[in-house]
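Sequence lines, in order, name chains F and Z. With my numbering applied, the first sequence covers 1 to 279. With my numbering applied, the second sequence covers 1 to 247.
Since the hints were made in silico from the structure, they are not lab data. Mixed in with the good hints there might be a few duds.
Under the rule of at most 20 Å between Cα atoms (straight-line distance), these lysine to aspartate or glutamate pairs were calculated in the EDC-like manner [what the hints assert, rightly or not]:
hint: 1; chain 1: F; residue 1: K205; chain 2: F; residue 2: E113
hint: 2; chain 1: Z; residue 1: K210; chain 2: Z; residue 2: E221
hint: 3; chain 1: Z; residue 1: K227; chain 2: Z; residue 2: E56
hint: 4; chain 1: Z; residue 1: K210; chain 2: F; residue 2: E113
hint: 5; chain 1: Z; residue 1: K210; chain 2: Z; residue 2: E93
hint: 6; chain 1: Z; residue 1: K210; chain 2: F; residue 2: E261
hint: 7; chain 1: Z; residue 1: K210; chain 2: Z; residue 2: D103
hint: 8; chain 1: Z; residue 1: K210; chain 2: F; residue 2: E124
hint: 9; chain 1: Z; residue 1: K210; chain 2: Z; residue 2: E56
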Amino acid sequence: MDTDPSLLARLVGEDIAFWFGYFTNGRHMAWYTSFRFTIIAALLGGVLALVFGVLGALLKRSRFLPARLIGGVYTGVVRGVPDVLFFLFFPLVFIQGLELVAAQFVCTPESIEAYQSNWPPCREASLYFSTEQYLVLACFALGIVYGAFVANVIHGAMRAVPSGQLEAARAYGMSEGQVLMRIHIRQMWVYALPGLSNVWMLLIKATALLSLLQINDIVWWAGQLGAPNFLPQVGMVHGDWRWGYYTALFVFYILVTLLSERFFRAVTKRARRGMPVES
Amino acid sequence: MKKLLLAATALALLSSAANAQSIRVGTEGAYAPWNFINEAGELDGYEIDLANAICEHAGIECEVVQNDWESIIPNLLSGNYDVIMAGMSITDERLETINFTQDYYPPDPSLFVATAGAEFDFDNLEGARIAVQGNTIQAAYAEENFADANEILSFATPDQTIADLAAGNVDLILADGSFLQPVVDNSGGAIVFVGPEVMIGGGVGGGVRKEDTELLATLNESLDALKADGTVNQLLAEWYGDDAPAY
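Bound conformation, chain F alone (with noise of 0.2 Å):
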């Protein structure tokens, strides 16, 4: 911070002063600033979550065999897959396969005799993944995994959607993809609605997966900045802080289910409009 600090202890006092240079020193801000990739996961795991969502639904609706059967594997499998595991599952053999794909054309014979770990087959081969790369791999991750629930969602709600509507579409001469876009996906929302925001509230939870993944985000801080810490060289020798940390954390995540059911409120709202009102 640039403010001079004798300054603000004269504004303030000196206990407000001092808090606030503690709250505001490089670990403090790296933990603020870390809350980035949280939201970055939230915002893009969502919008994967729907663009896999969509597809998985169209593929359980299609009426093509194998592919109604990829649909109803991926739904299935998915989402009986623990998100843990899945979150530790899938970037670890993303990466793994692309080590894989380039051990092919980077090692030689020699090069894997000499190399001693057992995986990848050879030095060159190995790939590092920067912080940024794990974390859109943790979005697709979010997306695979939600996108398998959005998917189940989607497609009971075009289930749902009263067949009258669809039969008086057609009748007023509107072709098959009129009446789906027009009249089934228009409708269709108000069922999914609900759904998508309970699917949306598991994925803001499963954010706070992502220090899995190396990422430092805001529970590693929070677990890191609460630690008790009794080295002066350090920083402020302090006690075991963590539950207030730990409780910062909580409020952030239930301001966001705060704003989630405001926005989802107002969106089933505009879904409605001119909809007969339910009982």
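Since chain F is already given, all that's left is putting chain Z on it; use the hints.
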């Protein structure tokens, strides 16, 4: 699709290829005063200063990067960085996979700490909850010697062992004396040393891949020079205080 994949891997390879003039040093960043993140949010500590001194002496560019302790050896092998400097003791087991430089911290006894007032019979220790950091020499030692009659709890970071001792979730911590000394000194009498000293490790050194013999020679040469001109002793005194060991 294949072309795309190829391009992606080529790009990733290019970006990860180590420049001959610069090396990356991997550290845990959670093991004060060896290596930690300071108030300014930057990596700091004895090993960070020493790494910079070595690189300055050897005329190479250094970048210190952070990596979890658990995956620190695998990520060295896969080339994410070139040297480990993370308070890692030189052991026969680790020497099977990686090479070590000469030690830059002499063999350090491992010690037990407990909360003040707790008493233990170390001759036949029973029913104690002993905290260690996972994948450390102390973890292996505790597993071998105390696992039968006691509960060994393994934590990902050393901070957590302290936090759980303070919270009463464990009875004892077994860890490097150099790490525990400042904790005991600054705990205001709440945490005390108990029991015997145990010599487990063979000093702390920098870990390098087995095939990087040239880099190993360079590092050893610089360490020799820095020990001879007193730089290492000066850094040791600066970070470990009055009871710091010296070469």
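Hint check results:
1. Our distance criterion of 20 Å between C-alpha atoms is broken by K205 of chain F and E113 of chain F, whose separation comes to about 45 Å.
2. For the suggested pair K210 of chain Z and E221 of chain Z, the alpha carbons sit about 17 Å apart, so the restraint of at most 20 Å is met.
3. Proximity of K227 of chain Z to E56 of chain Z is assessed by CA-CA distance (about 14 Å); at most 20 Å being required, the pair is judged to hold.
4. For the suggested pair K210 of chain Z and E113 of chain F, the alpha carbons sit about 13 Å apart, so the restraint of at most 20 Å is met.
5. Of the supplied pair hints, the one linking K210 of chain Z and E93 of chain Z holds, its CA atoms being roughly 14 Å apart against a limit of 20 Å.
6. Proposed proximity of K210 of chain Z and E261 of chain F is contradicted: the alpha carbons are some 56 Å apart, above 20 Å.
7. About 17 Å separates the Cα atoms of K210 of chain Z and D103 of chain Z, which keeps this hinted pair within 20 Å; it holds.
8. Taking the CA atoms of K210 of chain Z and E124 of chain F, the gap is about 15 Å. The hint holds against a cut of 20 Å.
9. Proposed proximity of K210 of chain Z and E56 of chain Z is contradicted: the alpha carbons are some 23 Å apart, above 20 Å.
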